[in-house]
Amino acid sequence: MSETTVRGGEGRPWLARVVSLRGVRWSQIDWHVLLLAGLLLVIGLSFVAAMSAADEAHGRIDASHVSWTSHVQKMLVAAPAFVLGLALRPRWLRRNAFAAWCTCAALLVLVLFAGDMRNGSRRWIELGAFDLQPSELAKIGVILGLAAALDHLKLKSLKEWTAPLLLALVPMALVALQPDLGTSLTIVPVTLGMLYVAGASGRLIVGFLAGAAILAACVWTFEIGIRDYQLQRLETWRRGWSAPDLIAERNSAAFHTYHARVAIGNGGVGGQGLGGGVANEGAWLPERDCDSIFAVVAEEAGWVGTVLILTLYGLLVLSLFASASGLRDRFSRLVVSGVGIFFAAHLFIHCGVNLGLLPLTGLTLPLFSTGGSSLLTTFLALGTAVGLASHRQPSLDAETFRRS
Amino acid sequence: MVAQRRLRPLGVVVVAGLGVLAARLFQIQVVEGAVWRAQAQSFLIDSAFVPYHRGEIRDRNQRLLVGDEDVANLEFVYRDFRRGHPLGQAAHARSVILGKPVGLAETAPQLADTCVLLAGLTPAAIDAFARGELPADSAIEPLAPATAEPGVEGRAGRATDLRFYVQKVLGITRSELGKLNRRIEDGGSTLPWVDLLAAHREESRAALLTEVRRRADESLSDLRVLATLLAEGQMLQVRARSELASGADGMGGPVQGAHPGSEPASGAGVDPLEKLLQLLDTRRSDQEDAAATELFRTACGFSPGRLPTEALRDTFDLTFIARPLRWDAARLEQWVETRREVWDHELEEVALPRILANADLGETEAERAQRLLDGLADLWRAGDARRREPLPWTDFDEPCVLHEARSLFRDERGRPTGRASDPVLTFQDEELRDVVDARAEEPWYAVGLLFEMAALRAGLESPVAEELALEWNKLSKSGPGLDEKLALQQLCHAARAFEAAFAGAVLRTLGELRGTGGPLRLAEERLDRALQRERFVLVDVQGRPERIPGSPSYALVHLVARDHERYAGFSVRESTRRVAPLVDAQGVPCASLIIGATRRPFLRDLVAQSEDERRLAELQYRIFRSEEERRELEDLSARLARADEWIGSHGLEAWFDDELRGKFGLYRLKGLDDEVSTGIFGVTRDDAPPILPTVDGLEIVLTIDASLQIAAQDVLAHPVPPATDTDRIWFQNPVGAIVLMTPDGEVLAAASEPTRDGAPDVPGRGRQRSHAFERTLQTPTFNPPGSVFKPFVSAWALDRLHFDPNTHFACTLRDDGKSGAFEDLRCAGHHEDSDLHRALVVSCNAYFAQLGLCFEPAQLVEAARTFGFGEPTGARSPAAPGRRGLQEDWTLSAQKTDAQVLDQLGARASRLRFPNGLDLLEATPMQVARATAGLATGVLPEVRLVRTVGGVPLPRASRPLGLSDESLAFVRQAMRDVVDQPGGSGHGKKLDAQTLGFTLACKTGSADIMKIVDVPDMPVEDRAAGAAGKSRKHTWVAGWFPAEDPVAIVVVYLNNVTETASRTAAHVTAQLLQTQAVRDLVARKGAQ
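Top line first, the protein sequences correspond to chains A and B.
My numbering numbers the first residue of the first sequence as 112 and each following residue consecutively.
My numbering numbers the first residue of the second sequence as 371 and each following residue consecutively.
Only chain B is shown next, with the shape it has when bound in the complex:
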């Protein structure tokens, strides 16, 4: 009874305990069940964003100018290759036997023999290998000596891998394996695997071995075909070893950690297969390096690159890394030696730019400086303390490595006795913090002071704190902000100083811990952490698909997609690329400068949206979403730019980026083992409806006519000079623009030259030739319109000032006996006494100088404004906050405000020059074209580059000039006579109706800008022509055709020529108007 009395309470405790367990189980499984089920579901059901097609851009005739093209990318998954390809199986089987990496290139020559050897192994031999004993059969014995420490060598795990590879080499199916295992249990363990399989399949051993050999040989032949196709498509690009840790992906990626003896081959004449195998070996090596780094980081809490190489090698017992990766000492050493270099690369290419980008997000100078220092301090902060958002640098306590060192090692000798008293980094210096606090109103002073002190501590040269502060202040305020090269250089310099102090302290501390003994073993808990990751890390790293750079040929895509099982590891994925199918004679895409381009998002943009990205990921993997969360997911998915997404960089691509961008679809994918693919070759999307459907971008139809645009581009790229009296150097190195526009403002062509960066400058003529620039809407240099402004002044004077066109003004002959002038304003020729009509026809500057004196300053400005100068043309329509990328210069003067212009027009000299388009007023070719359209029609249209967006027409707008028909008719007639009347500035320039087939009304203009500078390497032709000291000018032709019933406005603008428009721009205009595209345009109008 006593026994029962004693045991009953224990029984009660047991029952109560069971009750507690059941209750807790109920809480988890029932009360919190939905939470955990959702988590579990997220393991099994994955989702992926499916890219959209960016909207197409078409010309007014629906011809495709830019669009997304479906392309195939070749991807490689090393894990699949290792498990599925006989070469991968054989190489890795040899690796597990030898306990060191054996390369593919090294295995290939003996692939068939290795496969046969593996097939001949017995289960008993592999078991013996696992136990570290000498195997009973001879096949494995020479490769795997007996060992007294099978556990240390990881023999059991290696034997498991070996069994797998043997079974794969023999092609044993799952069902066969179960039966063979029973045979082995029944005493068949001493029979070779090949015999076991032969007995099971009732085939002969010889036939099976022949099959193994055949499969091995065929797999190599297949790889050779693949390698040849890759080589033909330039997809086997090899990088030099000097590009170590370049961070590039794909087959040509970094080569750090390549196996000894497997230096990537380079140069011509290398067998493609050999090259491919060496590159695959490099990929394997990189992935193993990454896995090793991950294991180290998991165990220690910091990256191995944080340690000086000798500290990593001498202080740490790294067997916990070598064993799971099957590395020998040489391979381990190779990894150790490259860690520091990889870290330096990551620091400079990834971490520091990110810090700068993050600092750039600060709204005030103080916030930017604070963010910069916080981010920098975070680089050395102990892992546990690091957060997504860096902590304030003033809270910096103890650097990483030194912090972790306290609990890093198992042995007592590996434990520091206390914390280091001396600050290692300047962030820890209390005095500095006080100084910075005292000067809080100078935010960049903190940066200067910390950087200076860090440099001094590291023994590096540095400017004083004030200078550094000034420099950073300047960097922060200038240009695009901190996210630029100069800032990065400065930050790198500072980071090196901090790193030097840190590395010194790490070396000292670890050296003291190590003493004279050997490497230290990590503490058990640290090893446990690594052990938990060990099983997954290599699978994870090797399972990541990597894109092989380059465009695979159809043959290559067909090969891999059709015979997928023969090319284990290789797969084809669907992707898109932006293409421009219409190109001019130079291969330049049609309207490329006005359409612009796409780019990947800037790091700054990605950093700025990082919080939203985290939220998006959270919502993406949530299984159950409320309606509100679904809307949030949709909004974030549409709004956020992805790192691999193409977004508009400049031009119309950027201006209409919101419309051109589509919406990524979010699709559920099937279970864990399904291939995560959205590709055309083997779609594995779940059948369930998408979480978010993919929405392609909107189509944009431009007003541009591709034929006219290409004609204009070709003419500008290859202008034909007249036989004499011209600027041949310009014709050889053209810089300029052409606008063709309908009279109601639709741009038919907007061409600029040059279209590619990098053409050599012409010495003495500025640097415009080397810059591809959109020049129809922008004025990169001082850009007066010259005499093409005269018709507008004339029309306004006739109407508003009631100026009598018969008024005569004199053009006084100058001392040179050739040119005329009024006061100090010269004419190109001597025009004696003219009325307004003649002055317009011959373009007499002296006349218009005197006409200018009839105007009040405000009236001159008003005349310009009536024709749309000093206001946007409307090309950037629809305007809305946030639109960017399409630049337009539209102010009266780039350098002066309107008030300053008005003020300066009070001066007589300016009033003489302004009506001649020579001073104060600047204009783009688009503005001149719009004004000319106004003159031709009496209505000033808003310029349009885009007709429809997503099928919806853009609204049009225009306003009447408010000038009388008589005034306009007078000027129009004068412009016809510019071409038709002898002495007209356009007469005899092949602009007449006989030559063109239609009439043209136009005005030429030449606006002097500066003198040609005499430089030693001036072109011979310029020197021979005595160009030095000659005026450099922009020359123009602005007009319309046919003169009597305008079909199109034409403006030709040549930048920086030495001869007048009648000798330069007029010839280019004639060349343009004689093109078939222009003739067709006129003919079409005539047919209507």
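Only chain A is shown next, with the shape it has when bound in the complex:
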């Protein structure tokens, strides 16, 4: 069904104007994207199953034990989000992208007041069987909002930068208030990436990144505007580059980093085999099913297996970029590339933290980590990207990007 057909459907019921499976161009679906995502999902599932089995075998019954059943249940609950994303009508999405951003922002405000406080953070809204984490949805909200804004902007003047920056900074600030620094930070690369795709000067973005790096160095050096615990994390990260220092501090601030490093290092070239690593045997590694799942994967798959998985992940991201580049519609292109950047940002931050390339912060690895909201966001983003990409038309000319 063509877009023309959709435009012609003004008299349809509301739901049919929003979603339509019949509107999906099945023949133009990027099956290789779905195949890659599905493959990664299965690999992730097998690692979670191994964790769950290890916990059961060791009789670990505390609240934080890993449950494969629960993970599968959440996946089943989240699966319709993929279908929803896939079936969304591009026209409706473009028209309502800002409304989606507003809804996410409202949820972020709501969670600050009505959210459930856990582990010192107010991030969750209880919805019975499912706890919603609005900050996860906010990532999609930012992608949609930015895509809608950038659809009409050339980013030639400072004024044109105002709207997209606000669209990124508001959710970032709200997420940081929860506080959830990891999620807040993922919005930065997504924003910068989408700005670049939308035509922003690469030099300007590099300059911005350089400025941010200098600013961060100053903040760290002079200890201005930084909390003690943040400073301590930075110090731990700095010292964590040296194996003896990290080992020396394994029972204090570097506990998490140390156990991640041990698990990864223990993997060697060939890996310890599924469920055979110390991360699962001892379960000392905190958050090993979500924020530290890469350490478990690296230990059990080894260098060869992990590089293979990283390659698959990279291919998924590149495939999304390829899909985006083939889209004539600027809004769709921005959304699909935004989803690709979203996956890439999660991959690099998550793996970077576990490998000690970045200071410690909690962030899931989409398609691998457990966590209902993360799964929901991942499926929705993927469905939306694949759905929009299926509406590709031959690109006409350069003006598609640089609208006058």
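Think of the hints as simulated: they come from the structure by calculation, not from any bench.
Take the hints with a grain of salt, since some may be wrong.
Within a straight-line C-alpha distance of at most 20 angstroms, the following computed SDA-like cross-link-like pairs (lysine to any residue) qualify [unchecked claim]: (1) B:Lys549 to A:Thr180; (2) B:Lys549 to A:Val153; (3) B:Lys1266 to B:Arg1235; (4) B:Lys549 to A:Trp179; (5) B:Lys549 to B:Glu503; (6) B:Lys1033 to B:Ala1087; (7) B:Lys549 to A:Gln184; (8) B:Lys847 to B:Ala978; (9) B:Lys1400 to B:Ala978; (10) B:Lys1381 to B:Phe1101; (11) A:Lys267 to A:Ile316; (12) B:Lys549 to B:Arg575.
Ranges of calculated distance between the beta carbons of each label pair, as one might list FRET restraints [stated by the list, open to error]: (13) A:Ile325 to B:Arg552: 57 to 63 angstroms; (14) A:Leu238 to B:Glu523: 40 to 46 angstroms; (15) B:Arg552 to A:Ala327: 27 to 33 angstroms; (16) B:Asn551 to A:Glu237: 22 to 28 angstroms; (17) A:Phe224 to B:Glu523: 54 to 60 angstroms; (18) B:Glu998 to A:Phe319: 52 to 58 angstroms; (19) A:Glu237 to B:Pro889: 38 to 44 angstroms.
Remember, predicted model here, so these are calculated numbers, not experimental data.
Idealized CB from N, CA, C, for every residue including glycine.
With the hints as your guide, set chain B onto chain A.
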């Protein structure tokens, strides 16, 4: 195309990023792989030191005197009990439902009903409980009301625990659980767990519930049997609440934090089961307290005990502690209330003694004072700044709590605006530091000044700095050093002063932060820290095995070891204890005073080796070791004393400690889930060869004959007085020593009395009766040998001075008409005119006084030295630097140097007394025995207490006296006549051959030391005998038997008697020589 141009660089960035990740992964997994694999291995492969058996000590006939005996200890692991015993499961299930601790004692009466209730829960009801909703089925509803805040109440975690306990109560296996979970997913969640299991097993619900009830009832019966056996073995000792935080371990440990209503029972008549359950509840309570403290310390960086109770209660939102531990407000309050007390206890019993011990390691006074202050300052130093080695006190910046307060709380009102300007502790006072600097040459002045100022600041009384400095200087130089009670008292006083100032500042600061609002929430990062520990801390604390004090009976060991699964949480571990199987009639172990004892290492020793201990631990957990590291590990393992190791305290146990100590073995243990055990009941050592093999200590064979030793001990403990003319008070309260020795110097018996401390003193006769003391090698009081010295002087005079034995000297009758004298030196009787032989036989002091005038002073000393006086006997052989514990007094005089002795012998009065053994010269019974052996054989042997060490004989040594046979024969004959001739000092004392069955040559001796003091509570018998003012003396008998062919030397020494040797020591000697052991000795020699 533009799109591609824009997205291609992003793609390049992604590829480059992947490259970076792969490279970093390569660095960690391949380049640094060995390091991390070793770390990972250390999680899975543990190692443990396996204790050795300390070497045995045997007598000359291979009879065991002291040895290690394998014993079984009973241990308890609360975590295993909670997870494996129906009572633990039921009590904790109720705890998670109610959200507050429910005790075992409280659950026991309704155990079966609770188990049935749990079995009747449905998965849906537990899910509803997790969500904070009212469960659909009624079983759980009355206990778990609905809540709007399931997250705050930790309902999800509690539900997980509840599921576990339900499954355990029903005995669901792992494989069954997987199948039941599928049933639940298929719509069975509204069926009770018991029905699900019944359907799966194809049994009836009623049969399963009957089984649950039976198991519950049986588990209680089993516990009752266990409790009864524990009670019978006195292993259910209950401590009073006043012993709060006593720090003792085991079942009778501290009772702080016991659940309300679970006061430990005490006194007789309490049901053993009830008592056991209350004690288990106490253990649980203690462990939860410890876990809570650990969580608080992790989050805040300091111990909760550092805070005054009201500050802890009012300032801190402690829900982060209460929630994971399933505590209600009452339980939390109980923990809060006891923290300060526990901290005070730790301060006084652990921290301050450790500081003193560490200070004691300083080599100079300045270093000791510095260490003391550094250690003390470290107690209040902020956590981040604290190090293994305390930093200099002059670097003290800001006290703990006040330092952490800046980043402790989440709310703005909980953040101090700046740092406190006024110093809180005197360590921070710049002026004081300047004053101390100015007087750097007086190291203890700094201590005095800081302590005085701290006391003044706290409003406490204190001596001035100079006085305190003087006192500490004295404490440091006197006795064993700083590691003693008085120093601890002084330090406690000072610490209380510092603590008072600190507590005041903490109260002020936290009060200002809190304002009028409620408790403050900790900052997120602080909570995160606690959260990271939360999962492990309780598992860790509850998983630690604790020894139940006492010796379990065979029945108890058998019960627990045989039916291990029925006594979840209880286990039996192998251990050793030092035993002495041979005892005398009083139950005193054979030769206990000369063998000595073992003890745990002193804190000072442990502190001194703490760096080495850290290194040992590092090497222990290293998976890959170089050969050099392996040798270092072996050396450290052999050298370092462990806190739970027995080491020689004194006596031969200490002297031969290096030989008796073995080497701990280091064994690899299997994976994480294997029981870490080295015991006889369920060994789980890895099959791999040990890292270090266990090496038992060497066996030591003594020269002592156990029969003779016990005979000597018995005689000394129960001496039989003669019918008349003796010192009955001494015979009732004996103090003295006996040595039996072979003529070539091997000690057959070395007995001392008393053998136990604490016997009451005899008023007016000194305090020796109350002290168990090894008296054959030591002289705790002035110890002249008296007339037993005369034979040695005689022999030397005959040989070296060519003294004519027919020379006659007069013994002038004194005014009393009974005793004789020469000048002012009196005799016990009047001996008229004697030659040397008669003078020896009757022991005429006047004769030997005049003989003394024939000697030059140096010749008198030389005579003594010829017989080994003024030199070690050789009993402490082999001598080597570092050996300790076996004391010997061997100098000519305890108070004077040899030069002073020589100088004093220039005085006529001393020359009269010295040959009589009455002045300047002191001797131990061992020295007298050795000299007597020399006299009997003509060869002076080195004394030996040990024959072989590890099967290797100790070298022997002796030297000829260098005196002619004629001289020696003359003296020997005189000594025979002491017994045989009428008028001899040993004649008629049952020392003759007819009585003993063998001949004896001996000399008696009585050395006056002082007068008996008249005290109000003097014994009636002493008062009636007019003892006040009488001479107190040590009396001796020294000789050998049989006289013609010596088998053994005998020396009997009685301390502090009122009558002469012929009325005291001679009777004890006769009693000894008539014992069967002595007769057997002579008979054995005769048979040879």
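For each hint, the structure was consulted:
For the hint linking lysine 549 (chain B) to threonine 180 (chain A), the alpha-carbon distance of about 13 angstroms falls within 20 angstroms, and the restraint holds. Our distance criterion of 20 angstroms between C-alpha atoms is broken by lysine 549 (chain B) and valine 153 (chain A), whose separation comes to about 23 angstroms. For the proposed pair lysine 1266 (chain B) and arginine 1235 (chain B), the alpha carbon gap of about 16 angstroms is at most 20 angstroms, so the pair holds. The suggested pairing of lysine 549 (chain B) with tryptophan 179 (chain A) holds, with an alpha-carbon distance near 15 angstroms, which does not exceed 20 angstroms.
The hinted pair formed by lysine 549 (chain B) and glutamate 503 (chain B) fails the criterion: a straight-line CA distance of about 27 angstroms is larger than 20 angstroms. About 39 angstroms separates the Cα atoms of lysine 1033 (chain B) and alanine 1087 (chain B), which puts this hinted pair outside 20 angstroms; it is violated. Of the pairs offered as hints, the one joining lysine 549 (chain B) and glutamine 184 (chain A) holds, with about 17 angstroms between alpha carbons and a cut-off of 20 angstroms not exceeded. Proposed proximity of lysine 847 (chain B) and alanine 978 (chain B) is supported: the alpha carbons are some 19 angstroms apart, at most 20 angstroms.
Restraint check: the Cα-Cα separation between lysine 1400 (chain B) and alanine 978 (chain B) comes to about 52 angstroms, which exceeds 20 angstroms; the hinted pair is violated. Straight-line distance between C-alpha atoms of lysine 1381 (chain B) and phenylalanine 1101 (chain B) comes to about 19 angstroms, which keeps the hinted pair within the 20 angstroms bound. A distance of roughly 13 angstroms separates the Cα atoms of lysine 267 (chain A) and isoleucine 316 (chain A); the hinted pair therefore holds under the 20 angstroms criterion. For the proposed pair lysine 549 (chain B) and arginine 575 (chain B), the alpha carbon gap of about 18 angstroms is at most 20 angstroms, so the pair holds.
Range check, isoleucine 325 (chain A) to arginine 552 (chain B): Cβ separation about 58 angstroms, and the 57 to 63 angstroms hint holds. Checked against the hint of 40 to 46 angstroms, the pair leucine 238 (chain A) and glutamate 523 (chain B) fails, with Cβ atoms roughly 18 angstroms apart. For arginine 552 (chain B) and alanine 327 (chain A), the hinted distance range of 27 to 33 angstroms is not satisfied, since their beta carbons lie about 52 angstroms from each other. Distance hint check for asparagine 551 (chain B) and glutamate 237 (chain A): the Cβ-Cβ separation is about 24 angstroms, which falls inside the suggested range of 22 to 28 angstroms.
For phenylalanine 224 (chain A) and glutamate 523 (chain B), the Cβ-Cβ distance of about 20 angstroms falls outside the hinted range of 54 to 60 angstroms, so the restraint is violated. The hinted range of 52 to 58 angstroms is satisfied by glutamate 998 (chain B) and phenylalanine 319 (chain A), whose Cβ atoms lie roughly 54 angstroms apart. Between glutamate 237 (chain A) and proline 889 (chain B) the beta carbons are some 25 angstroms apart, a value that contradicts the proposed interval 38 to 44 angstroms.
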